[in-house]
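Engineer: All chains, full assembly: derive it from the sequences and hints.
Quick note on our numbering: the sequence shown kicks off at 1 and runs consecutively.
Fair warning: there could be bad hints in the mix.
Between beta-carbon pairs, the in silico distance windows are [claimed, not checked]: (1) His100 to Pro210: 37 to 47 Å; (2) Ile20 to Val101: 31 to 41 Å; (3) Ala122 to Gly205: 33 to 43 Å; (4) Thr161 to Lys107: 36 to 46 Å.
Derived by calculation from the structure, the hints in this document are not laboratory data. Quick caveat: nothing in here was measured; it's all calculated off a predicted structure. We put the beta carbon where it would ideally sit given N, CA and C, even for glycine.
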Amino acid sequence: MSTTEESAVAPAAVPAVTGIADPAPLGLAAFALTTFLLSAINAGWAKSSTGFDWWGYAIAYGGLGQLLAGMWEFRNKNVFGATAFSTYGGFWIGVGLWLHVTVPTAKAPLELNRDLGWILLAFLIFNTYMLIISTQVNMAVFAVFLTLELTEIFLVLGNFTTKVPALPPDPTSSSMIVIGGWIGVITALAAWYASAAGVMNGHKGRPVFPVGKPLFDL
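Structural biologist: As structure tokens, then:
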């Protein structure tokens, strides 16, 4: 495994000099914050709020922030990071736009859950092979993709099986979506930790926050 791949998303030390700072901590932080906001709603924690606080951040931070991180990862010749950040940046932008455009005009609200089920299923397929590849990076990154895999599985099942509309501001009519929300919060915490590790370890030039070795080293 190359040094670039080893430090793909949460480096243990300063990445190789490429002319730009490591964009991975930004991408991870952007993913974590938007995931946390939506997952808190799915878990039923934010019932006193409008339930729509994550929409703007899905586009501006989780979307654009990750997309920019992905483009900079291309500059770093980091295929894994570039693919992961660019794809999930597109995911958040797409979901944000879909909700802005589709929700106000939907004739049958339950169909929105089915739409979201198909969207999440498509990204679950993507996440599955990225989860497998993440075993070659480090344990911090693997934890992010593993918890995200579980989050998406429960959200897919919840959106396909719910018998009543289950979208913000109250998606909790489906127990599967609630479980997905709880696991999503764990996913966000794992991503925030990996982001913090990237910032601190890069800042100090040595491992400070451990990220673990690759689960497998082919």
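Engineer: Please go over all the hints and tell whether each is borne out by the structure.
Structural biologist: Here's how the hints hold up against the structure:
no., hint, in the structure
1, His100 to Pro210: 37 to 47 Å, "holds, 40 Å"
2, Ile20 to Val101: 31 to 41 Å, "holds, 34 Å"
3, Ala122 to Gly205: 33 to 43 Å, "holds, 40 Å"
4, Thr161 to Lys107: 36 to 46 Å, "violated, 21 Å"
Violated hints amount to a single one, hint 4; each of the other numbered hints is respected by the structure.
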